[in-house]
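Going by full-length UniProt numbering, the sequence shown opens with residue 1, and the numbers climb by one from there.
Quick caveat, the hints were computed from the structure, so don't treat them as lab data.
You may find that some hints are simply not true.
[Stated by the list, open to error] Here are the computed lysine to any residue pairs in the SDA-like style, where the Cα-Cα straight-line distance is at most 20 Å:
1. K134 / I114
2. K94 / K134
3. K98 / Q15
4. K57 / F116
[What the hints assert, rightly or not] Label-pair distances were calculated between CB atoms; the ranges are:
5. S51 / F12: 49 to 57 Å
6. N53 / R86: 19 to 27 Å
7. D210 / A133: 18 to 26 Å
8. D210 / K91: 47 to 55 Å
Yeah, the Cβ is synthetic: ideal placement off N, Cα and C, and Gly gets one too.
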Amino acid sequence: LARIYTRVWPVFNLQGDDYTISLAMVGAFAMWGSNFVLISYGLGRHTHYVSPNNAAKINRLLFINQPIWIWTTTLIKVSVALTLLRIKRSKSWKRWMKIVIAIQVLIAISTNIIHFIQCRPMRASWDPTTPGAKCWELKGAQVSLYIASGITFIASDVGFSCIPIIFIRTLRRPLREKLILIFLMGLGLFASAVAVSKLRYVKFYGTSDDPYWDVISLCILGLLEQHIGIIAACVPCLKSPIERALQRLGLLLPH
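From just these sequences and the hints, can you work out the full model?
See the structure below:
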């Protein structure tokens, strides 16, 4: 909200990165809402305490959540790439950023396709008792998750965080301000660390003997990764308000 406020007042100046991060926020709020519902059904409890009726509801909602998570995370990366696209105007830079955006979107699309076609009928994805169901081996689902939340997202987080840090070196600003900016942009690296931690739990997805208990760590880390990414994406747009706040606190000298 603070980011959008600075973009529409005093002059309306919303760009593509503002729209994409806004859509990502909608997805993040949807994830929060669905997680509250999942918890009410028994997610986070040991599986043998969850009734079959609630288990079916949990499985169905988790199935719906995965595409939302994928696209929310993708929109965060795309927003950061669009922000970086405006930093430099050289043809090579613009070409590279567009390639990065295309890769992110293609990964999201391919992951969603795998997600929706891995079981026939689709209902079998959340209800294994469906008559005549045919599903891929669990490794197929794991591969789609590794692709989505693994190498590509982690690499983009690291790259997007390091690029601004390189630019900061060339800025003619006091060292203290540069260090603050580096710290704020380093949130992207923290998001990468969270994503790496999440991979430890992805390998147990769909194979755990106590799935509703074990999956809670994956859900928490997934939400944490998203919200850190949103903060990191919004920080560059809030540079001026942050500087004014730090000046009022006496942490920065006015120019």
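Violating hint indices (sorted, rising): 2 and 6
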